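**Q** Chains A and B are the protein sequences, given in the same order.
For the first sequence, the positions run 1 to 228 when my numbering is used.
For the second sequence, the positions run 1 to 228 when my numbering is used.
Mixed in with the good hints, there may be bad ones.
As the list claims (entries may be wrong) - Below are the EDC-like pairs computed for lysine to aspartate or glutamate, each with C-alpha atoms no more than 20 Å apart in a straight line:
(1) B:K51 x A:E143
(2) A:K51 x B:E143
(3) B:K155 x A:D30
(4) A:K51 x A:D68
(5) B:K123 x A:D30
These are computed hints drawn from the structure, not numbers from a lab.
Small disclaimer: the values here were computed from a predicted structure and weren't measured.
There are 2 protein chains.
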Amino acid sequence: MEETPADQQHLAWLARSFGRPDYLPLSPEDLSTLSEAGEIIKKYPGTHIFKEGDSATAAFLIREGEVDLYRGPTDQREVVGRVGPGAVIGDIAMFSGQPYISSSRAVGHVTAFRFDRDRLLPKLAVSPAITLRWLVASLTQLERTQRRVLNLMHKTVLAQVAGLLVNEADDRGEVALSQATIATLLGASRQSVNEALNELKRRGQVETGYRLVRVLDEKKLRLVAAED
Amino acid sequence: MEETPADQQHLAWLARSFGRPDYLPLSPEDLSTLSEAGEIIKKYPGTHIFKEGDSATAAFLIREGEVDLYRGPTDQREVVGRVGPGAVIGDIAMFSGQPYISSSRAVGHVTAFRFDRDRLLPKLAVSPAITLRWLVASLTQLERTQRRVLNLMHKTVLAQVAGLLVNEADDRGEVALSQATIATLLGASRQSVNEALNELKRRGQVETGYRLVRVLDEKKLRLVAAED
DNA sequence: CCGGGAATGTAAGGAACCCGACAGTTATAC
DNA sequence: GTATAACTGTCGGGTTCCTTACATTCCCGG
């Protein structure tokens with residue numbers, strides 16, 4: 001089998017995306033196996049990758065761009081999360097054989113790898129290493145979600161906002177979310193988020209702009225997130 | 001290899017414990033493989049199965065009894081959940097090679113199956129079906145936790161209590177938890193839980209006793225849980 | 001360059017909930 | 001069988017946060 005440089009790059013990227021690279025690294029054969037279980041797809045901003053209730057025939061590995069996950073009807077949608085490159089979505093529904101539990105919509109231009117259920121399962125049945133890696137990835141996600149439960153339970157909106165900013169900031173310390181989106185992500189009201197951001201701005205720990213928050217003092221922000 | 005009736009029973013129980021039995025059922029060889037990766041252990045009430053921060057060398061599958069999961073120091077512990085037969089605990093830490101994230105304590109007499117990491121991983125590496133089943137189990141747990149996040153975000157204490165009662169009730173409709181425990185499970189105060197239970201009692205949907213809540217009208221209780 | 005839609009800023013009133021305190025009740029251990 | 005710890009029931013003050021409402025600012029397409 002001959003492979004172009006682009007393929008190589010893609011396969012290497014696949015290897016990095018699943019969990020810690022030092023833990024049971026995928027062999028080159030494993031990578032090939034995985035790449036044959038689906039295709040790369042591209043989505044325009046605002047389009048759906050899958051919708052709540054659809055039969056779950058595939059899972060998706062985000063390569064580029066960001067994706068919003070939400071539940072409920074369009075007029076009163078409830079954002080469940082926003083994920084970026086490296087995230088796997090739709091796998092819960094696909095593996096458990098149930099309809100998708102949430103809808104996913106591309107925020108910007110999105111490139112993803114689609115794993116087709118019928119092609120993936122036979123491959124996994126003969127590739128324990130990949131299955132194990134996928135298991136570890138899902139358990140890591142589970143742990144993250146459990147931590148989120150603990151945060152939601154006892155922390156004030158101020159601490160929650162600080163925590164979200166630290167987690168979601170890119171390498172330039174910027175978070176490109178509207179205050180309304182931050183509010184739904186935290187399950188708070190837009191006004192409370194606005195008030196919290198004002199407090200952080202007053203303390204000189206962040207700057208705010210249109211659809212944008214810039215982290216100025218990550219260290220202090222982490223302290224605020226740990227309070228309460 | 002000769003197997004006693006007790007072994008057979010145990011292996012069959014293992015098969016039922018992991019997710020939906022109609023989905024990729026384990027073969028008898030898989031069951032044997034799994035049973036060789038650890039031993040059955042028994043724990044007295046109040047004793048620890050593992051403690052937060054310990055090196056995670058094993059995961060546990062609960063066979064009988066209930067287990068409390070909690071985090072933080074003993075004097076101000078924070079209950080993360082209570083699990084019964086069929087639940088797998090400690091697997092997150094074990095697979096990701098990190099110390100246990102929470103402590104687990106036997107509520108009553110507990111029988112569990114201990115999977116030793118060093119014996120389990122080689123078995124899984126050659127048994128994709130088991131790994132896949134484990135993956136499905138963890139994803140199901142992830143979905144449950146995500147649902148809990150949604151509940152915590154927008155629902156009132158009354159609705160949360162109603163939901164917990166419906167989920168935790170045994171076949172006689174009884175929930176043997178103290179109001180304080182219910183409160184920590186929901187991240188609410190004991191007083192608020194007490195107030196909610198009074199309201200449900202006033203409506204004739206539950207009865208309360210010492211360390212006990214009895215569900216009288218599950219149907220209406222589900223409606224209350226869905227409100228808000 | 002300007003109009004409309006989207007996002008941000010601000011304020012007041014009220015609901016839900018937490019905290020501290022204490023009295024009454026039930027289980028459990030000695 | 002009694003002491004003690006654990007649990008339930010209840011009250012009032014205080015806080016956080018939501019809701020409603022409206023003014024202002026910003027972006028983008030024509």
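**Q** If a hint holds in the structure, say so; if it does not, say that too.
**A** Against the structure, the hints come out as follows:
no. : hint           : verdict
1   : B:K51 x A:E143 : holds (16 Å)
2   : A:K51 x B:E143 : holds (16 Å)
3   : B:K155 x A:D30 : violated (45 Å)
4   : A:K51 x A:D68  : holds (12 Å)
5   : B:K123 x A:D30 : holds (18 Å)
Of the numbered hints listed earlier, the single one contradicted by the structure is hint 3.
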